[in-house]
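Enquirer: Residue numbering for the sequence shown follows this note's numbering, starting at 1 and increasing by one per position.
Hints were generated in silico from the structure; no laboratory data involved.
Each hint should be verified, as a subset may be incorrect.
As the list claims (entries may be wrong) - Below, simulated EDC-like cross-link-like pairs (lysine to aspartate or glutamate); rule was C-alpha separation at most 20 angstroms, straight line: (1) Lys57 / Glu16; (2) Lys57 / Glu19; (3) Lys57 / Glu28; (4) Lys206 / Asp76; (5) Lys57 / Glu44; (6) Lys206 / Glu238; (7) Lys206 / Glu80; (8) Lys230 / Glu91; (9) Lys57 / Asp27; (10) Lys57 / Asp30; (11) Lys57 / Glu24; (12) Lys206 / Asp234; (13) Lys206 / Asp103; (14) Lys57 / Glu12; (15) Lys230 / Glu173; (16) Lys206 / Glu178; (17) Lys230 / Glu178; (18) Lys206 / Glu149; (19) Lys206 / Asp237; (20) Lys206 / Asp104; (21) Lys206 / Glu179; (22) Lys230 / Asp90; (23) Lys230 / Glu179; (24) Lys206 / Asp102.
From a predicted model like this one, the values you see are computed outputs, not experimental measurements.
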Amino acid sequence: MQSVERAVSVLEILAEQGEAGVTEIADELDVHRSTAFRLLGVLENRGLVAQTQDRGKYFLGAGVLRLAGAAAVRLDISQEGAPLCRELADELGETVNIAVLDDDAAVNIMQARGSASVTAQNWLGRRTPLHATSSGKVLLAHQPPALREGLLARTLPRFTDRTVTGAAALRDELRVIEERGFALAMEELEVGLTAVAAPVRAHDGKVIGALSISGPVFRLTEERLRELAKRVVDRADELSRRMGHVL
Numbered sequence: 001m002q003s004v005e006r007a008v009s010v011l012e013i014l015a016e017q018g019e020a021g022v023t024e025i026a027d028e029l030d031v032h033r034s035t036a037f038r039l040l041g042v043l044e045n046r047g048l049v050a051q052t053q054d055r056g057k058y059f060l061g062a063g064v065l066r067l068a069g070a071a072a073v074r075l076d077i078s079q080e081g082a083p084l085c086r087e088l089a090d091e092l093g094e095t096v097n098i099a100v101l102d103d104d105a106a107v108n109i110m111q112a113r114g115s116a117s118v119t120a121q122n123w124l125g126r127r128t129p130l131h132a133t134s135s136g137k138v139l140l141a142h143q144p145p146a147l148r149e150g151l152l153a154r155t156l157p158r159f160t161d162r163t164v165t166g167a168a169a170l171r172d173e174l175r176v177i178e179e180r181g182f183a184l185a186m187e188e189l190e191v192g193l194t195a196v197a198a199p200v201r202a203h204d205g206k207v208i209g210a211l212s213i214s215g216p217v218f219r220l221t222e223e224r225l226r227e228l229a230k231r232v233v234d235r236a237d238e239l240s241r242r243m244g245h246v247l
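Kindly generate the complete structure, drawing on both the sequences and the hints.
Expert: As structure tokens, this is what we get:
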């Protein structure tokens, strides 16, 4: 824990001062110079700090920008999508979620509960498998080929009898999802739970999230989900526009 606190302190020092040498950082932390050097080495290996070539000073690296950018995207898409999700949930009476990619899973960062008597459970903050959810399949379908194939090469766990676990079958489904613009999940994660999702894009066209509607299969049959698909796509496109994407 002490090492974590010191590493965070290093980042805060560099954020405040712009750049600093090993001795300066050691003095600020009140630690031996070798300790400061080791901390900087770990942070440099992760791209969180970088070193000037001429003076041996350290400054915040591009990795900090990457983390900040990811946090900003999550914050922005959640803020921009909140009213849209509530409107759609009120309109349909079903649960609406926004999910983003989190390494090898989808994590739900925004949820609006529908007014129907039986609604989907609370998924807010939960990580769900990419291959067994509508949002996850949308996110997976729009990843760079190398990353997508790397994920497909892993063992895909089966959650129900309808979970697609074969790489070839899933690859074909992802191709269809990319072409038609939405994904379905019919009792693939939990028996009785179905969903439809569409991609949300950033200003550069990159898919940064998925908007989904989910509910019980007795209300959201496959036929009903296909009827709702256009509305989900339209709302996802609207959120994309709010995120700066020109359709």
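Enquirer: State for each hint whether it applies.
Expert: Hints, verified against the model:
Taking the CA atoms of Lys57 and Glu16, the gap is about 14 angstroms. The hint holds against a cut of 20 angstroms. A distance of roughly 6 angstroms separates the Cα atoms of Lys57 and Glu19; the hinted pair therefore holds under the 20 angstroms criterion. At roughly 15 angstroms between alpha-carbon atoms, Lys57 and Glu28 fall within 20 angstroms of each other, so this suggested pair holds. At most 20 angstroms may separate the alpha-carbon atoms for a hinted pair to count; Lys206 and Asp76 meet this at roughly 15 angstroms.
Of the pairs offered as hints, the one joining Lys57 and Glu44 holds, with about 12 angstroms between alpha carbons and a cut-off of 20 angstroms not exceeded. Between Lys206 and Glu238 the alpha-carbon distance is near 15 angstroms, which keeps this suggested pair within the 20 angstroms criterion. Among the hinted pairs, Lys206 with Glu80 is consistent with the structure: their alpha-carbon atoms are about 17 angstroms apart, no more than 20 angstroms. Simply put, Lys230 and Glu91 have alpha-carbon atoms about 14 angstroms apart, close enough for the 20 angstroms limit, and the pair holds.
With a C-alpha separation of about 14 angstroms, the suggested pairing of Lys57 with Asp27 holds against the 20 angstroms cut-off. With a C-alpha separation of about 18 angstroms, the suggested pairing of Lys57 with Asp30 holds against the 20 angstroms cut-off. For the hint pairing Lys57 with Glu24, the CA-to-CA distance comes to about 10 angstroms; that is within 20 angstroms, so the pair holds. Straight-line distance between C-alpha atoms of Lys206 and Asp234 comes to about 17 angstroms, which keeps the hinted pair within the 20 angstroms bound.
For the given pair, Lys206 sits about 16 angstroms from Asp103 by alpha-carbon distance, which is consistent with the 20 angstroms threshold. In summary, the hint linking Lys57 to Glu12 is supported, as the alpha carbons are separated by about 15 angstroms, within the 20 angstroms threshold. Between Lys230 and Glu173 the CA atoms are separated by roughly 18 angstroms; this keeps the pair inside 20 angstroms, and the hint holds. Restraint check: the Cα-Cα separation between Lys206 and Glu178 comes to about 13 angstroms, which is no more than 20 angstroms; the hinted pair holds.
Distance check on the hinted pair: Lys230 and Glu178 sit about 15 angstroms apart at the alpha-carbon level, within 20 angstroms; holds. With a C-alpha separation of about 18 angstroms, the suggested pair Lys206 and Glu149 falls inside the 20 angstroms cut-off, and the hint holds. Of the supplied pair hints, the one linking Lys206 and Asp237 holds, its CA atoms being roughly 13 angstroms apart against a limit of 20 angstroms. Restraint check: the Cα-Cα separation between Lys206 and Asp104 comes to about 17 angstroms, which is no more than 20 angstroms; the hinted pair holds.
Taking the CA atoms of Lys206 and Glu179, the gap is near 15 angstroms; set against the 20 angstroms cutoff, the hint holds. Of the pairs offered as hints, the one joining Lys230 and Asp90 holds, with about 17 angstroms between alpha carbons and a cut-off of 20 angstroms not exceeded. For the proposed pair Lys230 and Glu179, the alpha carbon gap of about 14 angstroms is at most 20 angstroms, so the pair holds. As the CA atoms of Lys206 and Asp102 are separated by approximately 15 angstroms, the hinted pair is consistent with the 20 angstroms bound.
No hint from the list above goes unmet by this structure.
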